[in-house]
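*Asks:* So the chains spell out like this:
Number of protein chains: 2
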Amino acid sequence: METQYYSKGIPLRNIQVTDRFFKRCMDTVRKEVIPYQWSALNDEVEGAPPSFCMRNFRIAAAAEKRRREEGREAVPVFPADEFQPLPEEGGPLEDRFYGFVFQDTDFSKWIEAVGYSLAQHPDKELEQLADRAIDVVCAAQCEDGYLDTYYSINDLSKRFTNLKDFHELYCFGHLTEGAIAYYEGTGKDKLLKAARRFADYIASVFGPEEGKCKGYPGHEIAEMALGKLYEVTGEEKYLDLARFFIDERGKRPYYFDWEHLIKRAEEKEDYHYYQAHRPVREQTGAVGHAVRAVYLYTGMAQVAKYTGDESLKKACERLWESIEREKMYITGGIGATPEGEAFSYPFHLPNDRMYNETCASIGLVFFARRMLEMSPEARYADVMERALYNGIPSGMSLDGKSFFYVNPMEAEPEGCRLDPQRRHVALPRQKWFGCACCPPNLSRMMSSVAQYAYSENESTLFMHLYCGGILKKQCGDVEAQLEVKSEYPWKDKVEVCVEAESPVRFTFAIRIPGWCRDFSVRINGEQSEGIERKGYWYLERVWQKGDRVEISLPMEPVLYQADARVREDIGKAVLMRGPLVYCVEEADNGANLDLLEINAKGTFRLREEKGELGDIVTISGEGRRIKPRPMEKLYEPYREVSYEPVLIRYIPYYTWCNRGVGEMKTYLRCYES
Amino acid sequence: METQYYSKGIPLRNIQVTDRFFKRCMDTVRKEVIPYQWSALNDEVEGAPPSFCMRNFRIAAAAEKRRREEGREAVPVFPADEFQPLPEEGGPLEDRFYGFVFQDTDFSKWIEAVGYSLAQHPDKELEQLADRAIDVVCAAQCEDGYLDTYYSINDLSKRFTNLKDFHELYCFGHLTEGAIAYYEGTGKDKLLKAARRFADYIASVFGPEEGKCKGYPGHEIAEMALGKLYEVTGEEKYLDLARFFIDERGKRPYYFDWEHLIKRAEEKEDYHYYQAHRPVREQTGAVGHAVRAVYLYTGMAQVAKYTGDESLKKACERLWESIEREKMYITGGIGATPEGEAFSYPFHLPNDRMYNETCASIGLVFFARRMLEMSPEARYADVMERALYNGIPSGMSLDGKSFFYVNPMEAEPEGCRLDPQRRHVALPRQKWFGCACCPPNLSRMMSSVAQYAYSENESTLFMHLYCGGILKKQCGDVEAQLEVKSEYPWKDKVEVCVEAESPVRFTFAIRIPGWCRDFSVRINGEQSEGIERKGYWYLERVWQKGDRVEISLPMEPVLYQADARVREDIGKAVLMRGPLVYCVEEADNGANLDLLEINAKGTFRLREEKGELGDIVTISGEGRRIKPRPMEKLYEPYREVSYEPVLIRYIPYYTWCNRGVGEMKTYLRCYES
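Protein chains in written order, with this note's numbering: chain A, 1 to 673; chain B, 1 to 673.
By construction, these hints were calculated from the structure, which means they are not laboratory data. For clarity, every value in this text was computed on a predicted model and none was experimentally measured. Don't take every hint at face value.
Since the list can't tell identical chains apart, any single copy or any two copies may satisfy a pair.
[Unchecked claim] Here are the simulated lysine-lysine pairs, DSBU-like style, with alpha carbons at most 35 Å apart: (1) Lys188 x Lys491; (2) Lys485 x Lys237; (3) Lys601 x Lys251; (4) Lys237 x Lys491; (5) Lys158 x Lys485; (6) Lys431 x Lys545; (7) Lys431 x Lys212; (8) Lys158 x Lys401; (9) Lys627 x Lys534; (10) Lys627 x Lys601; (11) Lys534 x Lys401; (12) Lys610 x Lys491; (13) Lys237 x Lys23; (14) Lys485 x Lys610; (15) Lys251 x Lys65; (16) Lys627 x Lys8; (17) Lys8 x Lys472; (18) Lys431 x Lys472; (19) Lys633 x Lys313; (20) Lys314 x Lys190.
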């Protein structure tokens, strides 16, 4: 492998994000989502189903206390076999575990967002709140390091007996990610130490050594969390454990079969859903539950990078290719079928009944980041950008108060309400979910976006996204500072100003966006001399204080079409400008958007607008609308179609469904005239 | 009501069908389906899951024998609460009930087809076989008249305790329909007597009188069967019972709630599926399981006719309007959603994921027939024709050996195999089904088609369909004979020759098909003088031997479009010629039919063909095919579309999927040039 191109994230505290696009999201997360999330995990949101999360930690802490003081037998043992035990309606709450088996992760996802947020925006009060929450969580940890309230409260003797479905290792993964974020954001390591103790305990139970358990997570994330833990601590054993989980996955006989004592051939479960149908190096297409899949692939990429495992890297590339070439929406959405919230077969990308979970797009960004850190190629960053500017922010309303699980490419309210095959496409966004994965995932993604925008190694600073901010880069003894001034994705100029006490040599590698047809870079007003490699523009030089890099990224509105094997999209086109996918809404274009057609040869006009959708650029395009003929019967002989000319008003996809419930479409039929 | 327009079916033995289109179907049913069905219900089809039907009757007969000889206690009682008890795999068969709770109807549907077939085509051997089967069935009847093997074998004390789901009254309905058909076909009344005894028993249990049960069938059909039983026997009590079931349906509190002891409001079941959500006279739209719905509506129409109940007639008209105007495919298919095999919301008519069960189209023909017998309007016959020439025959392969449950408007094999939302669209047709409703339903429909084609009253003979045959009509003392010579739907001339010993006066009412733009009738070469009323051409005259009526029905290929509220079909058109819907298949037009577009202003050419699809007329139309551009990425900037001109070859929809598995489409995008 070409390790000279390896890079890693810049510590969050070394970047101050000033970017207009992401700052808005981050502020919303900080002001709205994080406090709301805290109320939610303390069961204080009126009208929302309780999470029971902090309550479970408290009960587990009490149980642990009793365990230490009185011995095992004193612990009340409930049967541990319900996926979501709930209190009897109207009845009193007992001292037992309630909620989904993975409810602990509500806290972990919250603390992760808090950590990132504090790195960008210190807040004493929030930090104190978080510290107290961490105390509660840590009190629930068992003496041996185990920390999962479902089994702690119910029956510790059953832990690790249902890896396939009961999400213990998933809880561990999220806990670890949260702990690392909080450590990075605040420098405090109490939770990180707890996560390490849990990791150490897991490493004592699982592993290639004789007598150890050969299982692996049903819902992946531990792999990538262990990769991060290795990065933070430098402890090889965490990397080894990640590799172990990855290597065991999909081996025959199936661990999950064994675990569930499935013996008869006809009862064999199909493990595609879990990406455990065959060893990961033999997997050629992205399959199964989309979130799980990209979490796994992310961990694989980390392990491949740190171990130099070429066959694992190849597997990552194949799986990436499968997603990018055959299974991804233009918004960076993945998971084309609601059945199993999963990838569908190649080129099956329906627009109105897919799943496109917000979390899956987030996971795709995780995967892209790790691929980029291994091999900086614009294709990875292009996908990251698609998701970050489209499929992910669409998951949250502009006010940060409601969320989509499912991000459709088109939607009409009647169909979403009445057609059972589209009922999972809930309109409008929901306030919160019983299984609350998307809102906190969005929080952590947006709060840590700088880690995706930039990475570095000793010689090079990579700019993957045009995310405005102020970065510090250590160059030997000298700390350089780069200020990236960007109004991306609205304006096509990005400026980078260098500050350094003395001249510093490093390479500045700038991604050339795949969508950009006329990319250019000037340094101090002169055409830059750089080298292009795999979609990055490498500028190696000695930088002086005051050096100015001007990047020009002309952004014309461009209609895109899909590969003709995407049957849904034949004869249709979708509008983009720069990284933004655009859509049309009923609010601007009237009802029955299916009557609209866009002139592929027409001109498009931009308009800067400041209003209820924020400070955005809208686009209008020349189009026509079929005049529906009044018909007496349901079917009548064809008559010449008459059209009325219309200006079709497009808004950025991520801003849809912020003006009440109405129709939305991305792909429109097109004509040429 | 205008009772002078009432009519009733012509006794089957008074019509000899010679029609080329239907004769083919009838012969296939007689030669292939009826024998196959017999093997199936005797568990003699290799590779098919056993029906257990005749076996259950034998076991029930033995149980009944023991009951009579030894008293109740001797009967082995199994728990009666499984919907489909099956023997243990590989284990021995016990003397108990196996199969679906409604498995008795396998026999009833078979005997019905046999009865109709014998009426048209006497067959001593088949008749003897049927007589023996009837002996077995009748031996299973209880002393009190009850006849349902599920409860007879399991536990008689539980009968009529689960009307909602366990289909007893459905079994009764089918038994009665079968018994009547066999009586009409052969004159033998053993089974009819058994059905009457069962009906009498039911009438003793259910009814408006105090102390009687106020339930009604979960799966409707008893209503229409009782209507027929009234027609055959003239017994008012059967009509009363039908009316009782219809009147009780949907009353609050719900009988089904009571039956299942559902008390708490939050547990309320939604009875739309059963058309029992509200009283039938208050139902405005067709909802729920499509087969059940049209069976109910058929019974309602019969009761409305015979009781002169205007409010019931109005309800029938409203429900009809709902189907015809908002919920029916152009093929006569109904049931736009697989969830509940049900009607969807108005104008929601997806082409590739609907249900369109063959049985539902058959039920729609039942409904149309009864509406016609009450008020002869071409709209009813138009729908009947749609179904009979398209959505029903498509349910059976041309060789009669395999069947569709689901009749899609378009299909592509990969999607049907891999997309969970289309997996119910099974390609190719299946040999038989565990729940074998469609094949026998198709058998009885096709074998009795003459009853739908014609009806009569004292003064008038109605010709609803252009079905060729020789009819006898009694006019006072004189028996007239009409020979209808038709090569419909292939040729546009139909000739009717009258034979009668002496002149006879009657009205000949000929339907003017809704699709026909240039209908004309000549009598003995002269323009006819008739009166048009609601799409029928009434010719009242004194007919002489040798009179010749020539009907001209010019059949041009015509593209149809759907109401613009059918979003799926905007910008698309479907080809028809006369009553036939046409489709395109991969076998003729290559793969990815989604690339095809039809020129709405182009010309169409007819071609008579005799080949593997039978003796048919194919049509070719001017079209173009998008040339898919090779793309490196999944999404690329739009480029001008290039087309290649193609002749699009259309075949009749009902002949699709008879040349292996491939893509099929009915609606194509269209352009005008």
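*Asks:* Against the earlier hints, flag every one the structure doesn't satisfy and list their numbers going up.
*Replies:* 1, 2, 3, 4, 5, 6, 7, 8, 11, 13, 15, 16, 18 and 20
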